[in-house]
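Enquirer: Spelled out from the first residue to the last, the chains are:
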Amino acid sequence: MEDVLDIRRLSIGYSNRSGKKVVAENITETLKKGELVCLLGPNGAGKSTLIRTISGSQRPLEGQVLFEGNDVSQIASRQLATKLSLVLTERVHGGMLSSYEVVGLGRYPYTGWSGKLKPKDHEVVQWAIAMVGAQELAGRMLSELSDGERQKIMVAKALAQETEVMILDEITAFLDLPRRIEIMQLMRRLAKKDNKCILMSTHDMELALKYADKLWLQPKNGKLVIGAPEDLVLNGSFARAFESEGIHFDMGKGAFEAQEPYNRSIQLEGSGDGLLWTKKAFERERIAVVDNAAISVKVIPVEKGILWKVNSKTMEKETSSIYQLLQTIKEYD
Amino acid sequence: MEVKYQAQKQSNKGIGPAKETDAVLPVTVRLPARARMFLFPILIIGILILILLELGVGTVAIDFKGIIAALFGLEGADPTHSTIIKELRMPRTIAAGIGGAALGTAGLQLQTMFRNPLAGPWALGLTAGAQLGVALVVTTAAVVGSSFLENLEILSNLGIVAGAMLGCLLVLLLMVFVARYVSTITLLIFGLMLGYFSLGLISAILHFTNQSQAKVFAGWNDGSFAGVYWEHFPVLIPLTIIGLISGWLMAKPLNAFLLGENYARALGMSVKRTRIVTLGSAVLLAAPTTAYCGPVLFLGLIVPHLARGLFSTSDHRILIPAVMLLGCLVAMAADLFVHLPWERHFLHLNAVNALIGAPVVMWVLLRNRKMRTFEL
Numbered sequence: 001m002e003d004v005l006d007i008r009r010l011s012i013g014y015s016n017r018s019g020k021k022v023v024a025e026n027i028t029e030t031l032k033k034g035e036l037v038c039l040l041g042p043n044g045a046g047k048s049t050l051i052r053t054i055s056g057s058q059r060p061l062e063g064q065v066l067f068e069g070n071d072v073s074q075i076a077s078r079q080l081a082t083k084l085s086l087v088l089t090e091r092v093h094g095g096m097l098s099s100y101e102v103v104g105l106g107r108y109p110y111t112g113w114s115g116k117l118k119p120k121d122h123e124v125v126q127w128a129i130a131m132v133g134a135q136e137l138a139g140r141m142l143s144e145l146s147d148g149e150r151q152k153i154m155v156a157k158a159l160a161q162e163t164e165v166m167i168l169d170e171i172t173a174f175l176d177l178p179r180r181i182e183i184m185q186l187m188r189r190l191a192k193k194d195n196k197c198i199l200m201s202t203h204d205m206e207l208a209l210k211y212a213d214k215l216w217l218q219p220k221n222g223k224l225v226i227g228a229p230e231d232l233v234l235n236g237s238f239a240r241a242f243e244s245e246g247i248h249f250d251m252g253k254g255a256f257e258a259q260e261p262y263n264r265s266i267q268l269e270g271s272g273d274g275l276l277w278t279k280k281a282f283e284r285e286r287i288a289v290v291d292n293a294a295i296s297v298k299v300i301p302v303e304k305g306i307l308w309k310v311n312s313k314t315m316e317k318e319t320s321s322i323y324q325l326l327q328t329i330k331e332y333d
Numbered sequence: 334m335e336v337k338y339q340a341q342k343q344s345n346k347g348i349g350p351a352k353e354t355d356a357v358l359p360v361t362v363r364l365p366a367r368a369r370m371f372l373f374p375i376l377i378i379g380i381l382i383l384i385l386l387e388l389g390v391g392t393v394a395i396d397f398k399g400i401i402a403a404l405f406g407l408e409g410a411d412p413t414h415s416t417i418i419k420e421l422r423m424p425r426t427i428a429a430g431i432g433g434a435a436l437g438t439a440g441l442q443l444q445t446m447f448r449n450p451l452a453g454p455w456a457l458g459l460t461a462g463a464q465l466g467v468a469l470v471v472t473t474a475a476v477v478g479s480s481f482l483e484n485l486e487i488l489s490n491l492g493i494v495a496g497a498m499l500g501c502l503l504v505l506l507l508m509v510f511v512a513r514y515v516s517t518i519t520l521l522i523f524g525l526m527l528g529y530f531s532l533g534l535i536s537a538i539l540h541f542t543n544q545s546q547a548k549v550f551a552g553w554n555d556g557s558f559a560g561v562y563w564e565h566f567p568v569l570i571p572l573t574i575i576g577l578i579s580g581w582l583m584a585k586p587l588n589a590f591l592l593g594e595n596y597a598r599a600l601g602m603s604v605k606r607t608r609i610v611t612l613g614s615a616v617l618l619a620a621p622t623t624a625y626c627g628p629v630l631f632l633g634l635i636v637p638h639l640a641r642g643l644f645s646t647s648d649h650r651i652l653i654p655a656v657m658l659l660g661c662l663v664a665m666a667a668d669l670f671v672h673l674p675w676e677r678h679f680l681h682l683n684a685v686n687a688l689i690g691a692p693v694v695m696w697v698l699l700r701n702r703k704m705r706t707f708e709l
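The listed protein sequences correspond, in order, to chains A and B.
Sequential numbering of the first sequence, starting at 1, is according to this note's numbering.
Sequential numbering of the second sequence, starting at 334, is according to this note's numbering.
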């Protein structure tokens with residue numbers, strides 16, 4: 001696959017008269033077309049600084065970011081806008097502009113002084129709107145849209161810039177889970193079908209693990225670790241990057257778990273989804289599932305749903321919901 | 334009346350790869366602003382009608398024939414009428430038109446730049462800054478000896494404008510500096526405070542001037558287009574036209590600004606240049622008008638909202654010509670109202686602006702569903 005962005009011995013951070021603060025240093029990596037790269041890291045690790053430096057809006061302390069051999073901080077901003085597009089976390093109001101007009105602004109670097117869209121520009125705008133599946137939104141005002149719809153339009157705006165590289169800074173931060181999944185799927189589709197080079201920073205570890213071709217892990221005060229998501233999980237980098245007290249990475253589940261001690265143990269029998277979700281509820285309530293305990297719970301599928309049978313020496317009860325089941329167990333004390 | 338952009342599958346060939354695998358649904362967009370272009374000729378007709386009314390209506394009523402005769406020096410023109418039209422009503426009408434267009438445009442620019450729907454030359458303290466500048470020039474003239482400035486008519490003319498522009502610019506620079514650190518509402522409070530502070534300074538300064546000049550200043554301070562005469566136009570018109578043109582040239586960057594500074598920069602816009610040109614243009618628009626017409630309140634605030642409401646868009650390519658025409662229209666209408674043949678001259682321009690302007694803005698805000706929720 002074709003390399004687009006070449007990052008060479010990059011040090012990022014801030015410098016002022018009193019000295020400089022290095023956030024991360026000696027980053028060397030290439031970004032390729034057709035790849036979706038997710039940048040993950042705890043808050044304050046410098047994800048945004050890295051994104052800003054790579055997109056040319058902040059100067060690196062040392063090293064270079066090269067776009068096809070040219071330093072991005074040297075490329076004229078208007079030209080850079082045809083090579084690299086940005087989508088940001090910030091909520092855009094857009095006054096009384098329609099979504100169509102906002103996507104049209106993506107043609108900014110291509111249009112003349114008045115910003116008038118030519119037929120070719122209209123085609124690109126429509127293609128971009130169709131790519132993100134926002135045909136229904138095109139005629140509505142940006143300020144009337146929900147956060148998720150708005151981010152879709154901003155992605156379409158970035159697409160209308162027709163750049164090889166798309167950089168997205170925590171664009172799913174304000175979205176609910178279905179919207180976040182939708183955006184991740186869209187990013188994957190753009191990388192694969194449209195051969196874009198996409199770098200997105202996100203807090204969604206589980207979605208990043210699932211959808212990214214490559215992960216960049218930026219631990220706090222540490223070196224950027226790069227690799228396929230699965231490799232980083234297996235070699236423990238993933239767990240290390242987010243290490244903190246009381247939280248640990250469950251390799252089997254591919255998710256972070258709270259590490260609180262169990263406060264009771266119960267014997268659990270059953271099968272299927274009923275068993276699976278009962279276990280999840282027990283996990284949350286910090287109830288350990290063991291082979292032999294004072295209380296036993298049986299998950300029994302019945303005609304209309306599921307029954308839970310709770311048995312102990314002093315009690316025998318049936319419940320019709322997990323909520324009731326948990327109440328019953330609590331009352332046992 | 335709506336424009337539809339219909340994307341056809343075959344017309345999409347050649348834009349980006351992988352097109353053929355995606356079913357491109359047609360995108361049908363109704364852009365209300367495009368459908369409202371017919372408003373432009375209506376505005377122009379309205380302005381023409383108002384010009385005739387401005388020239389004809391007053392304590393001395395002059396009919397259409399009389400106006401034409403006086404304007405073109407036709408035979409049989411009443412010499413008194415000619416004098417009234419040429420020396421009084423004509424300059425006043427031109428001043429109202431220019432002032433309205435200038436203040437409306439400056440208001441729009443400031444609202445977009447500060448991303449604040451309540452911004453305007455007055456709310457941000459620019460008007461007060463200009464007033465202060467003028468007060469300083471007038472006082473200096475009084476103290477130094479007015480004969481010096483009066484002898485050089487054009488110089489005193491320029492001196493007042495320069496004072497206004499300097500005061501305006503200083504306030505604007507201060508506001509730009511403060512805007513980095515405070516929220517939109519705080520900025521407005523800051524602007525108002527700065528305005529009151531300037532007014533306080535003005536009243537202190539005026540103690541150093543003589544009574545007749547203080548009276549002149551007080552008259553000017555009420556705001557009126559009637560104090561502008563032909564000799565002022567060589568300064569007022571070129572400056573305003575430069576301001577209007579440079580403002581219009583910034584329509585595209587101002588549109589990008591609606592997405593916020595970061596997005597605008599990522600689209601290749603030079604934030605610094607846009608800011609300098611737009612704010613410079615706002616000073617060129619607000620200061621000369623304030624220098625000659627006094628502090629004209631309200632117009633800069635209401636005209637952009639009226640334009641947005643009428644054209645239902647924030648697109649500056651439409652809004653800038655719209656605020657120019659609408660500003661012209663509203664200022665002339667207000668001026669006409671002031672100069673209707675009342676028994677007593679009981680309304681000042683600013684009172685009319687507030688009495689008509691405020692309810693109109695409220696009506697526009699409530700009527701247009703889209704404007705109820707809009708944010709800059």
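Heads up, some of the hints might be wrong.
[Unchecked claim] When the alpha-carbon atoms are kept at most 25 Å apart in a straight line, the in silico BS3-like pairs for lysine-lysine are as follows:
| # | chain 1 | residue 1 | chain 2 | residue 2 |
| --- | --- | --- | --- | --- |
| 1 | A | K210 | A | K33 |
| 2 | A | K309 | A | K279 |
| 3 | A | K116 | B | K398 |
| 4 | A | K330 | A | K279 |
| 5 | A | K83 | B | K605 |
| 6 | A | K330 | A | K317 |
Simulated from the structure, these hints should not be mistaken for lab results.
Enquirer: Taking the hints in turn, state whether each one holds.
Expert: Taking the hints in turn, this is what the structure says about them:
no., hint, in the structure
1, K210/A / K33/A, "holds, 19 Å"
2, K309/A / K279/A, "holds, 15 Å"
3, K116/A / K398/B, "violated, 44 Å"
4, K330/A / K279/A, "holds, 16 Å"
5, K83/A / K605/B, "holds, 22 Å"
6, K330/A / K317/A, "holds, 13 Å"
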